[in-house]
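Trainee: Work from the hints to combine the two standalone chains into their complex.
Residue numbers (the working numbering), protein chains in the order written: chain D, 20 to 212; chain E, -2 to 93.
It is worth saying that the hints were derived from the structure and are not from the lab. Every value quoted in this text rests on a predicted model; they were computed, and no experiment measured them. Hints are supplied without guarantee of correctness; some may be wrong.
Okay, the calculated beta carbon distance ranges per label pair [said to hold, decoys possible]:
id : chain 1 : residue 1 : chain 2 : residue 2 : range
1  : D       : I121      : E       : V82       : 39 to 49 Å
2  : E       : V55       : D       : V135      : 51 to 61 Å
3  : D       : D158      : E       : G38       : 32 to 42 Å
4  : D       : D158      : E       : K57       : 33 to 43 Å
Think about it this way: if two alpha-carbon atoms lie no more than 30 Å apart in a straight line, the pair counts; the simulated BS3-like pairs of lysine-lysine are [unchecked claim]:
id : chain 1 : residue 1 : chain 2 : residue 2
5  : E       : K30       : D       : K208
6  : E       : K86       : D       : K100
7  : E       : K57       : D       : K39
8  : D       : K160      : D       : K103
9  : D       : K206      : E       : K30
10 : E       : K22       : D       : K163
11 : D       : K103      : E       : K91
12 : E       : K60       : D       : K39
13 : D       : K103      : E       : K57
14 : D       : K70       : E       : K86
15 : E       : K30       : D       : K41
16 : E       : K46       : D       : K105
17 : D       : K160      : D       : K105
18 : E       : K46       : D       : K208
19 : E       : K58       : D       : K206
20 : D       : K39       : D       : K105
21 : E       : K86       : E       : K22
22 : D       : K39       : E       : K30
23 : E       : K22       : D       : K39
24 : D       : K39       : D       : K206
25 : E       : K60       : E       : K48
26 : D       : K206      : D       : K41
27 : E       : K60       : D       : K136
28 : E       : K60       : D       : K208
29 : D       : K100      : E       : K48
30 : D       : K105      : E       : K22
31 : E       : K83       : E       : K60
32 : D       : K206      : D       : K105
33 : E       : K57       : D       : K105
34 : E       : K30       : D       : K103
With the C-beta cut set under 7 Å, the calculated list includes, among others, these residues of chain E facing chain D [to be verified]:
id : residue
35 : S16
36 : L17
37 : K22
38 : T27
39 : Y28
40 : V55
By construction, the Cβ of each residue, glycine as well, lies at the ideal position given by its N, Cα and C atoms.
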Amino acid sequence: MENNLTPEQSLALIDNMINKAKNKLADDGFLLIFWGWLVAASALIHFVCIKLQIEWGQYVWVTLMPFGGIFSAVYGIRQSKRVKVKTYVDSYLSALWIAFGIALFLTIIFIGLHGVKSTYFFLMLLYGIATFVSGGILDFKPLKIGSLFSFACAVVSVFCNETDLLLVIAVAIISSYVIPGHLLRLKFKSENV
Amino acid sequence: MFKDLDPILHSQLRLAIVSLLVSVKEAEFTYLKEQTNSTAGNLSVQIQKLKEAGYIEVEKKFKDNYPQTNCRITSAGIHAFDEYVKNIKQYLTKSK
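Chain E on its own, in the form it takes in the complex (with noise of 0.2 Å):
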């Protein structure tokens, strides 16, 4: 029933973090990790397919001698996303 679906997007944390990042200009990894209640260790799994998959950018830099990782969506993460949610919608009125 979920043929259709973006399998990188059809899945709980990856569609959370991008859901995130629609919002934003950028986040930091922390900030996605709080919000998203996972684990660093899922989360920065996650992030590396999202990152493969071309829907978000990582920037790994140090602030104050510590490092920091921010991400934000790319052009064709937001058209990834728009298709999604255009295509959950569709799914929903045709079951109503």
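In isolation and in its complexed conformation, chain D is listed as follows (with noise of 0.2 Å):
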């Protein structure tokens, strides 16, 4: 076994070991769906209560994502053990994703000072960044085109009332996370069957 290769062999040896490390898909888009119908479900609750005049509505933002933050967060330390092997595009995504959560978190603390609108604006532009990034970094094309309807939706809030302001967050949610989440995660299944 030790130096009988030839060299066809010895390349179609580094051809198939690179391509069992190169064919994993790095994401299986769980947490894009996640976030993706928390946010969205938040947005639809809360304006369906301003039609309602139910008062309570804005309290569903402040239950549900320190949910979402602390369910991701044990999310992500089960996965982290799980994993044997850490490519370059999962650091890459990792790098993202959390530079993404921290400027989240810092626009959502100053949204008393920002108002609502300038806050929603950026928010969706966050998300277009993010998902737009992650979409080169995967080669996943649905990415890249939900990430422009959350650019188109950032513009389009910005003629907004602050009512109609949770629906545009909404479809730019659902075209960003849930569309793209929801067909990565096909693909990610058809690959690893």
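Mentor: If you want it as structure tokens, here you go:
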């Protein structure tokens, strides 16, 4: 087994091993789907509450977002324990989403200072940046296309009132997270049968 | 005919390990074992040889009270792998 490789066998072996490592899709889309539905549901519940003049609508955010944060942290720690190989794509994505999380947190905590409209505008830009770059790293077009919807929604939000803004953010998150997330999950499942 | 080929890399299992490691940031021992279909004993020996040659770094730690061995390629390993592939390609071109 030691030094009996022909050049053809060497190249075939290298090719086989590199493909084994390369073919592993780095993301199953779970967190995109989770956050997509969570934010879309929060925005739509808040919107319905405003329309029905129910006062507690805004509390849906302060309840569901921290829950989402804790759930994601626990999920992330569990996943990292299971992982046997770390690719460069994994570390690029992880750095991107950590930076995104910090930027999102800082944008949201100063909502009182900047106002709802500016905050939602920047949130949609952040969704767009994170999903566009993820799409580039994963070479996955639906994420890039979805991100463009998020950028478009950010522009639309400038001309909306605060209530309609909730519908705009729901559209932005469904197009940039939920739909690409489900498509990514389908691709992941088909590649990991 | 393989005079120019790096003897450290010109071995089936060591070449497989290095080929896997050039594609990823780091990999666990168990991942390398699964992908190369090798035995733990043989894999350990070949990893040690690659480590002594300076081609890979090996980090041993504990995860959930179980020992874990992580391997990653070094810049010397990447350079050696590049040279190896170049030499193989040259040989193939000459032999055509």
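Trainee: Hint by hint, note whether the structure agrees.
Mentor: Do the hints match the structure? See the list:
1. I121/D / V82/E: 39 to 49 Å: 40 Å, holds
2. V55/E / V135/D: 51 to 61 Å: Given range 51 to 61 Å: holds, Cβ gap about 53 Å.
3. D158/D / G38/E: 32 to 42 Å: Cβ of D158/D to Cβ of G38/E: about 39 Å, so the range 32 to 42 Å holds.
4. D158/D / K57/E: 33 to 43 Å: 34 Å, holds
5. K30/E / K208/D: Since the Cα atoms of K30/E and K208/D sit roughly 24 Å apart, the hinted pair holds (cutoff 30 Å).
6. K86/E / K100/D: Violated, at roughly 39 Å.
7. K57/E / K39/D: Between K57/E and K39/D the Cα gap is close to 24 Å, so the pair holds against 30 Å.
8. K160/D / K103/D: The given pair, whose Cα atoms are some 27 Å apart, holds under the 30 Å limit.
9. K206/D / K30/E: 26 Å, holds
10. K22/E / K163/D: 25 Å, holds
11. K103/D / K91/E: 40 Å, violated
12. K60/E / K39/D: 25 Å, holds
13. K103/D / K57/E: Roughly 14 Å between the alpha carbons, so the hint for K103/D and K57/E holds.
14. K70/D / K86/E: Between K70/D and K86/E the Cα gap is close to 70 Å, so the pair fails against 30 Å, i.e. violated.
15. K30/E / K41/D: Judged against 30 Å, a Cα distance of about 17 Å means the pair holds.
16. K46/E / K105/D: 23 Å, holds
17. K160/D / K105/D: Given that 30 Å is the threshold and the Cα spacing comes to 23 Å, the pair holds.
18. K46/E / K208/D: At roughly 37 Å apart (the allowed maximum being 30 Å), K208/D and K46/E break the hint.
19. K58/E / K206/D: 34 Å, violated
20. K39/D / K105/D: 13 Å, holds
21. K86/E / K22/E: The given pair, whose Cα atoms are some 25 Å apart, holds under the 30 Å limit.
22. K39/D / K30/E: 13 Å, holds
23. K22/E / K39/D: 14 Å, holds
24. K39/D / K206/D: 17 Å, holds
25. K60/E / K48/E: Holds, at about 22 Å.
26. K206/D / K41/D: Answer holds: K206/D to K41/D is near 15 Å, not above 30 Å.
27. K60/E / K136/D: 46 Å, violated
28. K60/E / K208/D: The given pair, whose Cα atoms are some 28 Å apart, holds under the 30 Å limit.
29. K100/D / K48/E: The hint holds at about 25 Å.
30. K105/D / K22/E: Holds. K105/D to K22/E sits at ~5 Å (cutoff 30 Å).
31. K83/E / K60/E: Given pair K83/E, K60/E is violated - Cα atoms ~39 Å apart, limit 30 Å.
32. K206/D / K105/D: 20 Å, holds
33. K57/E / K105/D: 16 Å, holds
34. K30/E / K103/D: Status holds; Cα separation ~11 Å.
35. S16: The hint holds - S16/E has a Cβ within 7 Å of chain D, the shortest such distance being about 4 Å.
36. L17: For L17/E, the interface hint holds, since the closest Cβ of chain D sits about 5 Å away, which is under 7 Å.
37. K22: K22/E check passes; min Cβ-Cβ to chain D is 5 Å, inside 7 Å.
38. T27: 6 Å, holds
39. Y28: 4 Å, holds
40. V55: 15 Å, violated
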